[in-house]
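With my numbering, letter number 174 in the sequence shown gets 174, and the count goes up by one each step, no holes.
Hints were generated in silico from the structure; no laboratory data involved. Note that the structure is a prediction, hence the values are computed from the model and not measured. Careful: at least some of the hints might be erroneous.
[As the list claims (entries may be wrong)] The calculated SDA-like cross-link candidates involving lysine to any residue, where the alpha carbons are at most 20 angstroms apart (straight line), are:
no., residue 1, residue 2
1, K4, N151
2, K4, P27
3, K175, E157
4, K50, S15
5, K4, P30
6, K50, L31
7, K175, V129
8, K134, A86
9, K175, D53
10, K175, E48
11, K50, E131
12, K175, E193
[Claimed, not checked] Label pairs and their calculated CB-CB ranges:
no., residue 1, residue 2, range
13, S174, F88, 29 to 37 angstroms
14, G164, G112, 38 to 46 angstroms
15, A109, G69, 33 to 41 angstroms
16, A163, V71, 22 to 30 angstroms
17, A162, M102, 13 to 21 angstroms
By construction, the Cβ of each residue, glycine as well, lies at the ideal position given by its N, Cα and C atoms.
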Amino acid sequence: MGRKFYGGFDVGGVSDLSVVAELFPCPHDPLALDLIIRCFLPEAALREGKNADLYETWRRAGLLTVTAGNVTDEPAIVSTLAADAARFGCHSIAIDRLFQAMRLSQDLAAAGLAVYPAGMGFMSLSPLVNELEKRLLSRTLHHGGHPILRNAVDAVEMEVDAAGNRKPSRANRSKKIDALIATLLALDRQLREPAPAAAPKYSMLVFGPRGPGR
Numbered sequence: 001m002g003r004k005f006y007g008g009f010d011v012g013g014v015s016d017l018s019v020v021a022e023l024f025p026c027p028h029d030p031l032a033l034d035l036i037i038r039c040f041l042p043e044a045a046l047r048e049g050k051n052a053d054l055y056e057t058w059r060r061a062g063l064l065t066v067t068a069g070n071v072t073d074e075p076a077i078v079s080t081l082a083a084d085a086a087r088f089g090c091h092s093i094a095i096d097r098l099f100q101a102m103r104l105s106q107d108l109a110a111a112g113l114a115v116y117p118a119g120m121g122f123m124s125l126s127p128l129v130n131e132l133e134k135r136l137l138s139r140t141l142h143h144g145g146h147p148i149l150r151n152a153v154d155a156v157e158m159e160v161d162a163a164g165n166r167k168p169s170r171a172n173r174s175k176k177i178d179a180l181i182a183t184l185l186a187l188d189r190q191l192r193e194p195a196p197a198a199a200p201k202y203s204m205l206v207f208g209p210r211g212p213g214r
């Protein structure tokens with residue numbers, strides 16, 4: 001306990017990759033964040049689809065939690081998040097307000113977690129893209145070169161609107177950017193919640209007998 005995390009949850013399709021990102025304050029640098037990535041995949045996806053070989057490589061490297069069956073094991077993901085929250089503490093979790101997020105939000109809330117919907121449009125994501133870029137350049141996001149996150153960053157393309165706002169996209173739907181999206185969602189919570197108030201400073205007044213000449 002003591003280092004509560006901010007969470008981001010990018011829910012995969014019915015039988016696809018799902019990613020949870022957890023951002024912890026760095027104990028060695030007050031300006032930095034430590035990132036943990038948790039990735040979940042139904043077993044059938046290791047045998048089928050365009051990404052089967054890539055998933056198998058990640059599984060062998062110990063980067064995936066593979067769940068039984070053909071579809072995303074949502075209870076297993078909720079259970080893992082609840083266990084992490086019980087162990088470390090959790091400020092809140094952001095989840096895509098579309099997709100199957102409503103049901104999952106209810107399940108996470110029932111597990112005692114504070115869950116907030118997040119938009120996926122330009123106005124919602126552009127500030128998060130800017131924050132992530134700033135942290136990567138300043139080396140204040142400690143990600144350890146996570147292979148699945150690195151793959152997502154390499155695969156992503158940025159859409160730009162007329163005002164210059166950016167959001168992640170992918171021309172090839174088989175490319176996996178879930179880890180990047182989950183990280184952006186976690187940053188959404190970290191940016192929205194106020195920083196903990198600094199401990200008040202006190203001046204100590206010492207009362208005692210007056211000495212000679214005082």
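Between K4 and P27, does the CA-CA distance stay at or below 20 angstroms?
holds, 12 angstroms
Next pair to validate is K134 with A86; report whether the Cα-Cα distance is within 20 angstroms.
It is violated: about 31 angstroms lies between the C-alpha atoms, which goes past 20 angstroms.
Hinted pair K4 and N151, Cα distance within 20 angstroms
violated, 27 angstroms
Do A109 and G69 keep their Cβ atoms within the hinted range of 33 to 41 angstroms?
violated, 25 angstroms
Is K175 within 20 angstroms of D53, Cα to Cα?
holds, 13 angstroms
With a cut-off of 20 angstroms on the C-alpha distance, tell me whether K4 and P30 pass.
Satisfied, since the Cα-Cα distance of roughly 14 angstroms is no more than 20 angstroms.
Okay, S174 versus F88 on CB: inside 29 to 37 angstroms?
Holds, at about 34 angstroms.
Straight-line alpha-carbon gap K50 to E131, limit 20 angstroms
Outside the cut-off at roughly 32 angstroms; violated.
Determine whether the Cβ-Cβ distance between A163 and V71 falls within the hinted range of 22 to 30 angstroms.
violated, 39 angstroms
Pair hint outcome, K175 versus E193 [Cα-Cα no greater than 20 angstroms]
violated, 32 angstroms
Holds or violated: K175 to E48, with C-alpha atoms at most 20 angstroms apart
With Cα atoms ~15 angstroms apart, K175 and E48 stay inside 20 angstroms; holds.
Within 38 to 46 angstroms or not, the Cβ separation of G164 and G112?
holds, 40 angstroms
Hints 1, 6, 8, 11, 12, 15, 16 and 17, counting from the list given before, are not met by this structure.
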